[in-house]
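**Student:** Protein chains in written order, with the working numbering: chain B, 1 to 47; chain P, 1001 to 1378.
By construction, these hints were calculated from the structure, which means they are not laboratory data. Careful, some of the hints might be misleading.
So the derived list for chain P, only partly shown, Cβ under 8 Å to chain B, looks like this [unchecked claim]:
id: 1; residue: I1005
id: 2; residue: R1009
id: 3; residue: V1010
id: 4; residue: A1012
id: 5; residue: L1018
id: 6; residue: V1025
id: 7; residue: M1033
id: 8; residue: Y1053
id: 9; residue: W1158
id: 10; residue: P1161
id: 11; residue: S1174
Residues from chain B that keep clear of chain P, each with C-beta distances beyond 12 Å, as calculated [said to hold, decoys possible]:
id: 12; residue: L10
id: 13; residue: F11
id: 14; residue: V12
From a predicted model like this one, the values you see are computed outputs, not experimental measurements. Where a beta carbon is used, it is the ideal one built from N, C-alpha and C, also for glycine.
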Amino acid sequence: MTLIYRGIVLFVLALVIRCIFREKDFWKQATGALVVIPLILRVLMLK
Amino acid sequence: MNYQIKGSRVTACILLALSCLVCFVAAKSFTSMWVEERVYPVEEFQQKKLSDYFSGIKGTPADQPVFIQKGEEEGGTVLLLCGTHPNEPASNLTGVLFLENAKVERGRLIVIPTANIMGFSHNGPQEGHPQGYFIELADGSKRRFPYGNRLSNPIYQWPNPDIYIHPSSGQNLSGKEKSNLNRCYPGRPDGSITEKMAYAIVELIRKEKVDLAFDLHEASPEYPVVNAIVAHERSMELAAMVTMEIEAMGIPIRLEPSPKNLHGLSHREWGDFTDTMPILMETGNPSQGRLRGRTNEDLVVTGKDKCYSRAFDLGKLYIPYDGDQPLSLRVARHTNAVMLFMENLEFINEEKGLTVEGIPDFEEIVKKGVGHFLAASN
């Protein structure tokens, strides 16, 4: 169960990072950068 | 003013690098709580593991130390379960006080200081709670204690359902209660990690033939069941005797019967699923109340809060609140009540008495502070 969950989080994290690189508006990139913080902490099971 | 800035691959890299930096700082902070609390028990205590009673938790984060001290004279067996909710510090601290001072002369004393050990490794992210607090010791030095979360750490148990159906009763609870040790009794050997831990504690009570079992807690000052003893039917006679003694000392306390239809709690399930006499006790902890103002270590230790003073003036609290509610007072309440229960146990069953020396009395703890009786950390 945990591995599936982490896989889903990793997938969403990859999508958000892809969006950040494709985005042309800096502030939307910044919003994406904020979103990745909890995803990174979660995929590493730190929080 | 136009704040539009063009985004590029370079800005994306810079922003992601900043995110990683924030993650690193946050990770250091979170992992600093993954250290097991150090205690310094008197040498008469023998250390076992909770997994000795249920091997299903061996090698898991739920496994933890269990301390047992046997007196020279035969008598009853008492369990002191502390730290069920790690955001209720008087509970954990009372256990540490017993571990570092108790000399059992008759009977056996079992102490578990960090019952939900998986709740001590994180704190409430949106509660503003500190990760720990300091207690001043007799030599003037300070010793740090953890301030954790009511629930098991989600890195060990996730996801929780929307509704938690309590397995043995079918009672519906909020989903998060599946991570609350005091909603999971009697536990399940094949359940979630918190349910397995609850099962291990119930197995300990059965295998050690515990006569009297305490589950120490704290509650919000505005919650009706505070400064209270909650007793199962089997414990009620003993609890009534102790309540009268506490009241005679001038310490206000309530006695509440354990509701028969409220399942998953220690005071109900320990009594229904084992032969022990369960007792749950609550003191008033402003740092976990909803009416509190600034939340910090000082609030945990002193209980001083202007909002609670105002609430008391408005008659909204269930504890006498004179501007503070020190942790030492809360520990003194628990310690005093536990000692009185143990002293009165032989009046219920003559063969099951328990004599414990070395524990400071109520006035001493309040006057000198609980730190005066704790070992210096090394």
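**Student:** Does P:I1005 hold up as a contact with chain B if the rule is Cβ-Cβ below 8 Å?
**Tutor:** OK, holds: P:I1005 within 8 Å of chain B, min 4 Å.
**Student:** Double-check P:V1025 for me: the hint is only fine if its C-beta lies closer than 8 Å to a C-beta in chain B.
**Tutor:** violated, 10 Å
**Student:** With d taken as the least Cβ-Cβ distance between B:F11 and chain P, does d exceed 12 Å?
**Tutor:** holds, 16 Å
**Student:** Does the CB of P:R1009 sit less than 8 Å away from some CB of chain B?
**Tutor:** Interface hint status for P:R1009: holds (6 Å vs cutoff 8 Å).
**Student:** Would the hint on P:W1158 be counted as holding, given a Cβ-Cβ threshold of 8 Å to chain B?
**Tutor:** Constraint on P:W1158 satisfied, holds at 7 Å.
**Student:** Once the shortest beta carbon distance from P:L1018 to chain B is found, is it less than 8 Å?
**Tutor:** holds, 6 Å
**Student:** Taking 8 Å as the limit, does the beta-carbon of P:Y1053 come near enough to a beta-carbon in chain B?
**Tutor:** violated, 26 Å
**Student:** May I ask you to check that B:V12 keeps its beta-carbon over 12 Å from the closest beta-carbon of chain P?
**Tutor:** The claim stands: B:V12 keeps its Cβ more than 12 Å from every Cβ of chain P (closest is about 14 Å).
**Student:** Take the shortest C-beta to C-beta distance between P:V1010 and chain B; is it under 8 Å?
**Tutor:** Given a least distance of 11 Å, the restraint on P:V1010 is violated.
**Student:** Grab the minimum beta-carbon distance between B:L10 and chain P and tell me whether it stays above 12 Å.
**Tutor:** holds, 14 Å
**Student:** Can P:S1174 be said to touch chain B, with a Cβ gap under 8 Å?
**Tutor:** Given a least distance of 20 Å, the restraint on P:S1174 is violated.
**Student:** Going by Cβ atoms only, is P:A1012 closer than 8 Å to chain B?
**Tutor:** holds, 5 Å
This entry does not satisfy hints 3, 6, 7, 8, 10 and 11, going by the numbered hints stated previously.
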